[in-house]
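In the order they appear, the protein sequences are chains A and B. Oh and the first sequence: position 286 is 286 in the working numbering, straight run, nothing missing. Oh and the second sequence: position 286 is 286 in the working numbering, straight run, nothing missing.
Because identical chains share one entry, a pair is satisfied inside a single copy or across any pair of copies.
Below, computed lysine-lysine pairings styled on BS3-like, alpha-carbon distance capped at 25 angstroms:
| hint | residue 1 | residue 2 |
| --- | --- | --- |
| 1 | LYS176 | LYS490 |
| 2 | LYS511 | LYS126 |
| 3 | LYS82 | LYS34 |
| 4 | LYS34 | LYS119 |
| 5 | LYS487 | LYS63 |
| 6 | LYS375 | LYS305 |
| 7 | LYS297 | LYS399 |
| 8 | LYS396 | LYS297 |
| 9 | LYS423 | LYS34 |
| 10 | LYS126 | LYS490 |
| 11 | LYS511 | LYS119 |
| 12 | LYS513 | LYS126 |
| 13 | LYS260 | LYS361 |
| 14 | LYS95 | LYS34 |
| 15 | LYS63 | LYS126 |
| 16 | LYS490 | LYS63 |
| 17 | LYS538 | LYS511 |
Derived from the structure by calculation, the hints contain no laboratory data.
2 protein chains.
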Amino acid sequence: MRFSQLYAPTLREEPADAEIPSQSLLQRAGFIRKVAAGIYTYLPLARKTLLKIENIVREEMNKIGAQEILMPIIQPAELWEKSGRWDDYGPEMMKLKDRHERDFTLGPTHEELVTELIKNELTSYKQLPISLYQIANKYRDEIRPRFGVLRAREFIMKDAYSFHDSWESLDETYLKFKEAYSKIMERVGLRYTVIEASSGAIGGSESHEFVAFANTGESNILYCDCGYAGSDERVPYKGEYRIYDEEEKSLELVFTPNVKTVEQVAQFLNVEVRRIVKSLIFKGREGFVMALVPGDKELNFEKLKAYLNDQSLQMALPEEILEKFGVPIGFLGPVGLEDVRIIADHGLKYMRNFIVGGMKKDYHYVNVNHGRDFKIQEWTDLIIVEPGDPCPICGKPLKGEKGIELGHIFKLGTKYSETMNVKYMDSEGKLKPFIMGCYGWGVSRTLGAAVEQLHDDNGIIWPVSIAPFEVVITVVGRGNERQFSEKLYKYLLEQGVDVLIDDREVSPGVKFKDADLIGFPLRVTVGRAFKNGKVEIKKRTGEINLVDASEGKIFEMIGNLLKK
Amino acid sequence: MRFSQLYAPTLREEPADAEIPSQSLLQRAGFIRKVAAGIYTYLPLARKTLLKIENIVREEMNKIGAQEILMPIIQPAELWEKSGRWDDYGPEMMKLKDRHERDFTLGPTHEELVTELIKNELTSYKQLPISLYQIANKYRDEIRPRFGVLRAREFIMKDAYSFHDSWESLDETYLKFKEAYSKIMERVGLRYTVIEASSGAIGGSESHEFVAFANTGESNILYCDCGYAGSDERVPYKGEYRIYDEEEKSLELVFTPNVKTVEQVAQFLNVEVRRIVKSLIFKGREGFVMALVPGDKELNFEKLKAYLNDQSLQMALPEEILEKFGVPIGFLGPVGLEDVRIIADHGLKYMRNFIVGGMKKDYHYVNVNHGRDFKIQEWTDLIIVEPGDPCPICGKPLKGEKGIELGHIFKLGTKYSETMNVKYMDSEGKLKPFIMGCYGWGVSRTLGAAVEQLHDDNGIIWPVSIAPFEVVITVVGRGNERQFSEKLYKYLLEQGVDVLIDDREVSPGVKFKDADLIGFPLRVTVGRAFKNGKVEIKKRTGEINLVDASEGKIFEMIGNLLKK
Numbered sequence: 001m002r003f004s005q006l007y008a009p010t011l012r013e014e015p016a017d018a019e020i021p022s023q024s025l026l027q028r029a030g031f032i033r034k035v036a037a038g039i040y041t042y043l044p045l046a047r048k049t050l051l052k053i054e055n056i057v058r059e060e061m062n063k064i065g066a067q068e069i070l071m072p073i074i075q076p077a078e079l080w081e082k083s084g085r086w087d088d089y090g091p092e093m094m095k096l097k098d099r100h101e102r103d104f105t106l107g108p109t110h111e112e113l114v115t116e117l118i119k120n121e122l123t124s125y126k127q128l129p130i131s132l133y134q135i136a137n138k139y140r141d142e143i144r145p146r147f148g149v150l151r152a153r154e155f156i157m158k159d160a161y162s163f164h165d166s167w168e169s170l171d172e173t174y175l176k177f178k179e180a181y182s183k184i185m186e187r188v189g190l191r192y193t194v195i196e197a198s199s200g201a202i203g204g205s206e207s208h209e210f211v212a213f214a215n216t217g218e219s220n221i222l223y224c225d226c227g228y229a230g231s232d233e234r235v236p237y238k239g240e241y242r243i244y245d246e247e248e249k250s251l252e253l254v255f256t257p258n259v260k261t262v263e264q265v266a267q268f269l270n271v272e273v274r275r276i277v278k279s280l281i282f283k284g285r286e287g288f289v290m291a292l293v294p295g296d297k298e299l300n301f302e303k304l305k306a307y308l309n310d311q312s313l314q315m316a317l318p319e320e321i322l323e324k325f326g327v328p329i330g331f332l333g334p335v336g337l338e339d340v341r342i343i344a345d346h347g348l349k350y351m352r353n354f355i356v357g358g359m360k361k362d363y364h365y366v367n368v369n370h371g372r373d374f375k376i377q378e379w380t381d382l383i384i385v386e387p388g389d390p391c392p393i394c395g396k397p398l399k400g401e402k403g404i405e406l407g408h409i410f411k412l413g414t415k416y417s418e419t420m421n422v423k424y425m426d427s428e429g430k431l432k433p434f435i436m437g438c439y440g441w442g443v444s445r446t447l448g449a450a451v452e453q454l455h456d457d458n459g460i461i462w463p464v465s466i467a468p469f470e471v472v473i474t475v476v477g478r479g480n481e482r483q484f485s486e487k488l489y490k491y492l493l494e495q496g497v498d499v500l501i502d503d504r505e506v507s508p509g510v511k512f513k514d515a516d517l518i519g520f521p522l523r524v525t526v527g528r529a530f531k532n533g534k535v536e537i538k539k540r541t542g543e544i545n546l547v548d549a550s551e552g553k554i555f556e557m558i559g560n561l562l563k564k
Numbered sequence: 001m002r003f004s005q006l007y008a009p010t011l012r013e014e015p016a017d018a019e020i021p022s023q024s025l026l027q028r029a030g031f032i033r034k035v036a037a038g039i040y041t042y043l044p045l046a047r048k049t050l051l052k053i054e055n056i057v058r059e060e061m062n063k064i065g066a067q068e069i070l071m072p073i074i075q076p077a078e079l080w081e082k083s084g085r086w087d088d089y090g091p092e093m094m095k096l097k098d099r100h101e102r103d104f105t106l107g108p109t110h111e112e113l114v115t116e117l118i119k120n121e122l123t124s125y126k127q128l129p130i131s132l133y134q135i136a137n138k139y140r141d142e143i144r145p146r147f148g149v150l151r152a153r154e155f156i157m158k159d160a161y162s163f164h165d166s167w168e169s170l171d172e173t174y175l176k177f178k179e180a181y182s183k184i185m186e187r188v189g190l191r192y193t194v195i196e197a198s199s200g201a202i203g204g205s206e207s208h209e210f211v212a213f214a215n216t217g218e219s220n221i222l223y224c225d226c227g228y229a230g231s232d233e234r235v236p237y238k239g240e241y242r243i244y245d246e247e248e249k250s251l252e253l254v255f256t257p258n259v260k261t262v263e264q265v266a267q268f269l270n271v272e273v274r275r276i277v278k279s280l281i282f283k284g285r286e287g288f289v290m291a292l293v294p295g296d297k298e299l300n301f302e303k304l305k306a307y308l309n310d311q312s313l314q315m316a317l318p319e320e321i322l323e324k325f326g327v328p329i330g331f332l333g334p335v336g337l338e339d340v341r342i343i344a345d346h347g348l349k350y351m352r353n354f355i356v357g358g359m360k361k362d363y364h365y366v367n368v369n370h371g372r373d374f375k376i377q378e379w380t381d382l383i384i385v386e387p388g389d390p391c392p393i394c395g396k397p398l399k400g401e402k403g404i405e406l407g408h409i410f411k412l413g414t415k416y417s418e419t420m421n422v423k424y425m426d427s428e429g430k431l432k433p434f435i436m437g438c439y440g441w442g443v444s445r446t447l448g449a450a451v452e453q454l455h456d457d458n459g460i461i462w463p464v465s466i467a468p469f470e471v472v473i474t475v476v477g478r479g480n481e482r483q484f485s486e487k488l489y490k491y492l493l494e495q496g497v498d499v500l501i502d503d504r505e506v507s508p509g510v511k512f513k514d515a516d517l518i519g520f521p522l523r524v525t526v527g528r529a530f531k532n533g534k535v536e537i538k539k540r541t542g543e544i545n546l547v548d549a550s551e552g553k554i555f556e557m558i559g560n561l562l563k564k
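Sequences are here, hints too, so could you generate the full structure?
As structure tokens, then:
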């Protein structure tokens, strides 16, 4: 391909709405254009990269015996009514009516459709297990689409579904997908980790997330040299608790005017932050709940939800708190609190003479002791684990990094086959609901995540396997240099190299800038060194190699550099 | 792939809703399943074939320098309001609202989107010409979806758009697409023809259709050995007109009770059909119109619409005719008719003493002569040309065949760039609207058309290039036969042959039936002949070859047979 003919309009300026690097870089480097909030057109460079990602995903799926199908994007409402999700799915589901006023949805996912598909076609245990997958658009009407292709309303997913007659069979297939997903991560060239993502809400079935590291990721990952990794929302706290070996002092109510945050209280009272206990009020299915955590730790909302098994739980609003307790936020505390369930982090067990809100504007209690001043009947792990805290497996300090979820695999069990009444006949002639697994991979998200993980101030740094072109030949100067560039271009094309020639009538500076911005793994420049019989091959990551100006030698060097 | 693991549920019975062979065969052979009217899931066999079709289309597009992009399926209403098509497109357009009540459509086509895309990005004549294409789902809410994947509501299209600064440049690109489309037809292995499809309604720009022959096709194609081909809706009549060299006789009104059709009138009055003139009433923008054609010819509605330049023209309803003229349909005629525009086919010029309706129930006029009994002021070509009529180019008798439109290319001109105000700067610094071309190819339709053209009573006969598998090894018997089949399977896989092994525990009869039904180009059977050291290779089209039971020899023979 010739750059002069390539439709890749690069922009010099930062797009106004770019919150993170990939959003800015993919637009500036001419990969994507926004059509509406969360809806994008993929230009030729992005389409090429997406095809490469799709191909890697497809190959790894085929290798484990999953079979590719293609289900419709528009799905009839009746299927979702059968599973009970038509009304439950919420406003993220895009709905429409056809000309006959029949209801459809733009599929956010395909469990219903695939389960109905196999109904009456997979009838015997002899046909199991089977895995079906597709690569197709999905739709989620995010209330605030953001982060470019990372959180879009229209996006490309690979979704797979497996059907089994036993949990052992599901375990086997699940493991195959887990391995395939790791291979996909390796082949797309991203640093990643696999974390357990079991969630109490869906019955404790096994689930794993595949997370690509990136500073801008929405997931906080904690991991250890021993191989353990988890999201900070779920890693259990296995550290020691500080023991306050002191006598109980007398409870005091202290005037603390306008002193609200933990830091302000500590400063005002001249104590360490960990002397304070945070009292937080939530509202859920069963009304208000107070959670208590040591002042130097953050409350882990996911752990609290899981402990209460209440997905509807939300932080109480200041006005709700004022109405219920007559106290502004910042002065809440457990002393004297009635009719509210109190749940405390294990860390409180060993605290003595601590400080809590006075349940009265501008007052705090000091020298509080549980058991004496108020009662705690529920203890659990309620804190967010941080880098440096001990690994729950081996005890070594955890490391922390942010990441972007690209894959999620899940043991569904019989959730859909039961509600939709889809059964097979077992070896004894009994009808049983299928045991299912489901496996998602964000294809267009991989494009964004790669840029988040791999870029510098000058632009994108594509991994070779998903680069839109592996090599760019930058034509500098005219005469012999240009002639040799053209000859080299033809030669490399014939050898099957995925090469672009930058033959545009712009300055070398612009060409170099664009090559860095777009992020080709290798840039071959036939320039100044050409009079000495040399050509420069520069890796996007910086390394420069001079090589004899012979097509064969250059091809060989390119081969070596791309392999590394 | 092993058939025992393949998800290809074949059906023994005819699906209830199948109107044409492809609809029945694709369901029976386990390629597609219906999800809702005009909405299908493609099972693994169909997905494989579709990927092969997509790949052929993609390669031919890339070869002519078109660049692949991917535009969103959901398109904001504002773009369609700019072009004026939001309200004009009609009920075939599927519309929806997002959670913020913004209007979107599921794109039936992408002219608006692509034109907006290049706005402000293609700014100079130096960047032209450029061609962009995508392969993606399209949506048309057909009032009565039918014929399976041939007329679906959700379907896969390749759509391309080109931008130019001159008509000459458009001509050049148009020609490239025309040649690429012919190559696609050849590569997918279908008999086809290219017909001119210029339509007066869109300004007389050039347009061609690529039609695959099929008995069930909705297009009637007339073609000639000289290379000419056209749709019967548009082929001009170049035959001779019969001259009635006779004296004018006296007009008579004859009682013809319950005699309505041309055939009934001819029989009742004992005359040839061509002695009668058909009088047909239409209703259009300017009210009622009467069209006259010789009794032995069919009126060509498209020619009449083109002559009147009125796309809203429709056949008048019997109740409208009764109300307006007081005559039931079947007794209409031009004699005594007032205030209605009369348009006659050239064939009437030479007719004498003909028969028309009496404009009175149960009566016909005989010995009618125009000029004397009524006036004709407008003459044109109004008839449907039939096989046997002369070729408009060389005069030889035309042949006729039915076909399915797979490709349509079109010189759009400045229609969208003008209404949407999208301009480039020419070499003199003047802003001008882009000249555009658009080029559609029905990808999922190709799947259906191939089956319509290539099948027999036993099933589908896939062309090698788009067959889901090129070869099936049918395992018959156990022991050595099975062992050799497995060895052969592994060998062929290693050689890169696209092979399926039918290792199911079913009878040979079922395997043979399914192989024919699914339509693999070659079936290798290690069966009875194996004791004599032979293996049978049968082409789906019938030819049987015996070959030595050696992997190498079999591979060689397969190679030869697939090439043919």
